[in-house]
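Q: Listed here are the chains, written in short residue letters.
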Amino acid sequence: MQKAIYTTVGIDELLAHVQALKGAGARFVQMHAERCVDDGSYRLVYTFINVRAAQEQIARDGNYAIENLVVEGIDQYQEIPSISSYYPAVFPFENEAHDLFGLAITDMQVDFNGFFYQVSTAEPMSVITPEVKAAREKAMKVRAAAEAKARKAAAEKAAAAGEGAAGAAAAQPAAAAGSDAQHDDAAAKAALKAAELEAKLAAMDPEKAAKVRAALAAKAARDKQKKEA
Amino acid sequence: MAHRSVIPFGPQHPVLPEPLHLDLVIEDDRVIEAIPQIGFVHRGLEKLTEKRDMHQFGYIAERICGICAVGHSCGYASACERMLDIEVPGRVQYIRTILHELSRIHSHLLWLGLLADAFGFEALFYRSWTLREQILKIFESTCGGRVILSINEIGGLKHDIEDSELAGIVQTLDAMRPDYEALVHTFLDDVSCGERLHGVGVISKKDALDLSMVGPFGRASGVDYDVRMFSDGAYADLAAFEPVVATDGDCYARCQVRCAEVTQAMDIIKELVGKIPHDGIGGRTKLTPADGARGEVVIEQPRGEAYYYVRGNGTKNLDRFRVRTPTSQNLAGLTHALQGVLLANVPMIILTIDPCISCTER
Chain G
1 MQKAIYTTVG
11 IDELLAHVQA
21 LKGAGARFVQ
31 MHAERCVDDG
41 SYRLVYTFIN
51 VRAAQEQIAR
61 DGNYAIENLV
71 VEGIDQYQEI
81 PSISSYYPAV
91 FPFENEAHDL
101 FGLAITDMQV
111 DFNGFFYQVS
121 TAEPMSVITP
131 EVKAAREKAM
141 KVRAAAEAKA
151 RKAAAEKAAA
161 AGEGAAGAAA
171 AQPAAAAGSD
181 AQHDDAAAKA
191 ALKAAELEAK
201 LAAMDPEKAA
211 KVRAALAAKA
221 ARDKQKKEA
Chain E
1 MAHRSVIPFG
11 PQHPVLPEPL
21 HLDLVIEDDR
31 VIEAIPQIGF
41 VHRGLEKLTE
51 KRDMHQFGYI
61 AERICGICAV
71 GHSCGYASAC
81 ERMLDIEVPG
91 RVQYIRTILH
101 ELSRIHSHLL
111 WLGLLADAFG
121 FEALFYRSWT
131 LREQILKIFE
141 STCGGRVILS
151 INEIGGLKHD
161 IEDSELAGIV
171 QTLDAMRPDY
181 EALVHTFLDD
191 VSCGERLHGV
201 GVISKKDALD
211 LSMVGPFGRA
221 SGVDYDVRMF
231 SDGAYADLAA
241 FEPVVATDGD
251 CYARCQVRCA
261 EVTQAMDIIK
271 ELVGKIPHDG
281 IGGRTKLTPA
291 DGARGEVVIE
301 QPRGEAYYYV
311 RGNGTKNLDR
321 FRVRTPTSQN
331 LAGLTHALQG
341 VLLANVPMII
351 LTIDPCISCT
361 ER
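From first to last, the protein sequence lines are chains G and E.
Everything in the first sequence is counted per the numbering used here, starting at 1 for the first residue and increasing by one.
Everything in the second sequence is counted per the numbering used here, starting at 1 for the first residue and increasing by one.
Looking at chain E on its own, in the form it has when it is part of the complex (with noise of 0.2 angstroms):
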């Protein structure tokens, strides 16, 4: 019988740059069982909402990711706005659409780039990072951060992006193509890319499914569900959304559909432009929600379906706000996909879930 132990990988680990522990059970050099640990750096944000007006939460709210810090801020401000039967401008839904767009490209970018680090090719790593630079720097020039915008407020924007800019927006993204198609070619038709990624942690459609997996992790083994599809606000005067599917399940398919969401992202972002209302930004409402009033939201952060939900109680602080991670959902799909593999390839599959400990530890 084969000698069986337990081999504790993280919360420190070369390829992963957040604390995320796992302990996995492995049988000569195969993965039995694997259970995933967290709550390392666990902050507690949700109880800041005793502290902080619903106003100043949308700060922290922002601050949960430094990736999804968009997607944060979008969610939160939409939760609130619904509690408070608010309804905001459609330029508001277009310019939050399309900075939420261009952080699933930034996203994705950077998770190549973190892909290509970990199988050793540095080269890629470079180029995938250069061109997200790309899109940093347009968020710099149009709201002043590169990583913490701080443009969404409940009932609207801080500040409007002008036509000019929002063209500009969509110049750099063309220019970008070329480059980006090149690099996708060799992410995915590069042989040593191939033999690293082929095969490798397979999760079947009926196990995403039971599972709940959600974001270009579940898409990758065939589900076919993405919130946008849902055409809520400015995603409903797109001319068509399809979610990006792969059937294979394994890590090739999910750097295939984050592959493809950048194009996606991109024309979403250039039709949007084109379509945009002018009929003002919003502004800051005063905080009145009724006692007991709700209001929830999903959306499609670049790692999948997340859930905002917030709570009133007649103050201007919240009585609940609650975040639900992509990457919390993901756990189970985690611990699945690890079941049976190879020891070598527990980095990749860790990270092509693409988890964001961040996120989680809200």
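The following block holds chain G by itself, in its conformation from the complex (with noise of 0.2 angstroms):
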């Protein structure tokens, strides 16, 4: 069975990474590169493939590995070194990397100079379009207010199990901790309900999104000046 094994290395390393692992015989699979939604920086994934390693690891016990070199945490003007003088094949890709994310990769062995694709829109894999990271600000919310419900069914299930005298003292400090799960789960409700309402608003015509973000303003004004009346 294939498995994966993904060793995180550093710009300065990837060379002497790679240069071990052409020395060890391993193949080389693929190149690719990714951006991170939530910070914006980019992450660098080479793969490799040993062969003989894996026909051996097979022969033992039915299992072969996938290995992985990932350079996370990349700015898009940061230099990135060619691996092209230890495997050729990887012309393609680098070049990819640097016409579809905008990636500055050093010393190709052939280099397109960004004309190796043609597109329309400049590095169109960098793009984080709205819709993007207000589904994945969703996706935390939503992970947050499972976590939230986790903690507090422990909480309770701690407060339960609370039993005689030892279990008294114990129940102070577990209801405390069901009041705060209890304050926790609220305040993600209320983020999640935002993050879903903000979700819409990306997906809808940004004219027509402005207006309901005005009415909810406006309506919002409303509510508060009711409250202190």
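If you're looking for bench data, these hints aren't it; they were derived computationally from the structure.
Here the structure is a predicted model, which means the values were calculated and not measured.
Even for Gly, the Cβ is constructed at its ideal location relative to N, Cα and C.
Hints are supplied without guarantee of correctness; some may be wrong.
Quick list of simulated restraints, FRET-style, between CB atoms [said to hold, decoys possible]:
| hint | chain 1 | residue 1 | chain 2 | residue 2 | range |
| --- | --- | --- | --- | --- | --- |
| 1 | E | E181 | G | G73 | 52 to 60 angstroms |
| 2 | G | G73 | E | Q339 | 54 to 62 angstroms |
| 3 | E | Q56 | G | A150 | 25 to 33 angstroms |
| 4 | G | A122 | E | H3 | 54 to 62 angstroms |
| 5 | E | T172 | G | L197 | 30 to 38 angstroms |
| 6 | E | K286 | G | A150 | 42 to 50 angstroms |
| 7 | E | H159 | G | D61 | 31 to 39 angstroms |
| 8 | E | D179 | G | L15 | 51 to 59 angstroms |
| 9 | E | T130 | G | A122 | 46 to 54 angstroms |
| 10 | G | Q76 | E | I7 | 45 to 53 angstroms |
| 11 | E | H3 | G | I128 | 49 to 57 angstroms |
| 12 | E | S231 | G | A153 | 38 to 46 angstroms |
With the hints as a guide, bring both chains together as one complex.
A: Listed below in structure tokens is the structure:
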């Protein structure tokens, strides 16, 4: 069975690792770039298979590994050394990372200088759309809500488990934890509602979304005035 | 000193059904250097994961290419299943493998037809495609489509293929064998075919390894590598599997390898049909990948090793989908094979790597 190994390496260590893999007889499989939605940084994944080692491992336990070198937290204009001197077959992928993600890969053996792909939008794969961002934020809020719920359930379980004097002593902090969890839960629900609304707005026509936003802001102002009165 | 000039080859050329451009630097009629250029029809399918959820994207993954459609669909589904930590029933693995091997037969027969057409042997072209038609009919009768089968989904299959239908597939393949053997005999033993293929576009084993060449292109140069030998899924249950390897590294060897792989695929299908388990066909799964969960697989497509990678972000859409097709990997080998050859042999060499630009321009 195929298994994957991911080893995170720094940009300055990349060539040394690739050289070691080449020395060990590993085949180059692919290289690709990814963009992190949360912080906008880039990630490069280089994949290799050592066929001989894989066959030996299969004979031992039926498994074999695909080895990945992952370079995390790359800024768009940070220089990344090309591995084409070790693996010439990487040239389409390095040119692709340059043309589609705008990454600065240096010393490519075959460099198309940005003309490998004919794209109508510059660096199209690096674009993070508002819909993607909103969906991602919503997923994070959902996860936070689920975690809060799990915390609350755990606190309730702990409170119910409290017995006798020791149990009574333990019940007070557990109740406090339960109260915190309820507060967390309410906050998470409110955040989830806000994120859902934001996701809906992101998917709307921008003009319509602006009108809805203005109406919501006006309603919030009216509610506040009523409350103060 | 010989006169040096640059000849543009493609993106529209009679030998190429798809747009690939090469700048051929020639001295007299000998190629000194070849610089490939793709990207004329890049579709940005990897970016579409933002708009289509994982199940919907299965249909798009299958449409990356019309020849490798089954492989793409299997590779994508397997990568997602790995990410979601789903184990599919044995029957699903068997049926996927049988369909994948059938697609290998149809892809190689298509290629053999194109090869015959390229060196002007029209009768051989017709015979190759007549045989291929039988595979397409199998697809149509079992799945309803000749090219896009839409049978795979994440977690299993959309419908089963009955045992009687599987037996019918074996019967059809057995009936094809004598015609196929006659076809292979012509390709490999006919003098006119041999003259166009022998000693053309030679790549040594060392160069093939250095250039990370994959598929029949690499195996024709002696690279003993075929993903199926790692015994994943239904391949683990085969009595034996040995990659088909040739050593000459020329166009003839590439033809030889593909011819033998068709017979090998027929044998694999026959063996798997005889052993297929009856443990269900799985079904559609809830899409709940953990944030940052990854899944990757390599499979042996008809043209060679293909790589699929998916990364989840906690939503029903993927954060990243990556497919690396065999042709992208073989571009370096193609440029190397073209160095030093006669201009007249360029179409033949390009054809023998079996380039699939549709896959490459995903």
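Q: With reference to the structure, classify each hint as holding or not holding.
A: Now for the hints, and whether the structure bears them out:
no., hint, in the structure
1, E:E181 / G:G73: 52 to 60 angstroms, "58 angstroms, holds"
2, G:G73 / E:Q339: 54 to 62 angstroms, "40 angstroms, violated"
3, E:Q56 / G:A150: 25 to 33 angstroms, "30 angstroms, holds"
4, G:A122 / E:H3: 54 to 62 angstroms, "39 angstroms, violated"
5, E:T172 / G:L197: 30 to 38 angstroms, "58 angstroms, violated"
6, E:K286 / G:A150: 42 to 50 angstroms, "19 angstroms, violated"
7, E:H159 / G:D61: 31 to 39 angstroms, "35 angstroms, holds"
8, E:D179 / G:L15: 51 to 59 angstroms, "53 angstroms, holds"
9, E:T130 / G:A122: 46 to 54 angstroms, "48 angstroms, holds"
10, G:Q76 / E:I7: 45 to 53 angstroms, "37 angstroms, violated"
11, E:H3 / G:I128: 49 to 57 angstroms, "52 angstroms, holds"
12, E:S231 / G:A153: 38 to 46 angstroms, "44 angstroms, holds"
In summary, the structure is inconsistent with hints 2, 4, 5, 6 and 10 from the numbered list given earlier, while agreeing with the others.
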